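Residue numbers (mature numbering (1 follows the signal peptide of the UniProt record, and there is no 0)): -23 to -1, 1 to 217.
Hints listed in this document are in silico derivations from the structure and should not be mistaken for laboratory results.
Taking lysine-lysine and the DSBU-like style, the derived pairs with C-alpha atoms no more than 30 Å apart in a straight line are: (1) K6 with K44; (2) K124 with K217; (3) K47 with K147; (4) K124 with K152; (5) K78 with K147; (6) K44 with K78; (7) K44 with K115; (8) K115 with K152; (9) K78 with K115; (10) K167 with K147; (11) K115 with K147.
Fair warning: this is a prediction, and the values are worked out from it, not measured in the lab.
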Amino acid sequence: MNEHNVKTALLLASLLAAGGSLAGQAASKATPWIMQGVVRNAAGQPIEGVEVSAHNTVYYNMNVLAKTDKQGRYRLELPHEIGTWAPYATIRRPWGDQVFKFTVYPNDDSAFAARDGAVRDFVWRIQGRFDGGVLGQKVNAYSGDEKVDADTLEFTFTPLGTLIDGSTVKPFTRKPRGSTMEDVPVGRYKVTASHAPNGVREALEVRAEGQDEYGSQAVGTFRETMYGIRMELSYRTPQK
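Please put together the full structure from these sequences, using the hints given.
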């Protein structure tokens, strides 16, 4: 192992040992060689156990890690090394028999010099627009026949219990673009579908993944797939 690799390995080991949560009030001003802040959910409540890291922009895979405490606070001690540091955070939450991983975005994602330090607060949001995209997940909906009017097709999602972040949401509708609906927060839903081929809205039959029969409603939820977190639905006109 060359001198640079030895130095990097020792540095990472010491940094991982130094990372941890911070007692006391969260800082509002930057402290040299420190990245610190608070992680909250969309309701402004602190979140414990979020993995926060600072990534060096020069050295590959040189990261400083810590987890938030019960007040959502974290503190990272940065090394006296060249390059700037970029903030990053992730959270893991169980859902059914799987564990989902989400990116938690900072209020300021700009890189900074370690000698200047930085305060970077994060907010975990599971739906809504962000940075040219959306934070919610995709629902795939497949047609079971050719009689459905795709131009007027819409789905209604009624939550059954709380969402994955513990929040609640009122029933909402989505219209597919092609076979996909976007920005649906992870939860368990009663799903119905309808279309209006002659200007009058008519109910359709729906089926969620894992269900054998179509019905007037289905219970749909999310799972991790090779394409990301997804819900799968099928729909068709009522069969007489």
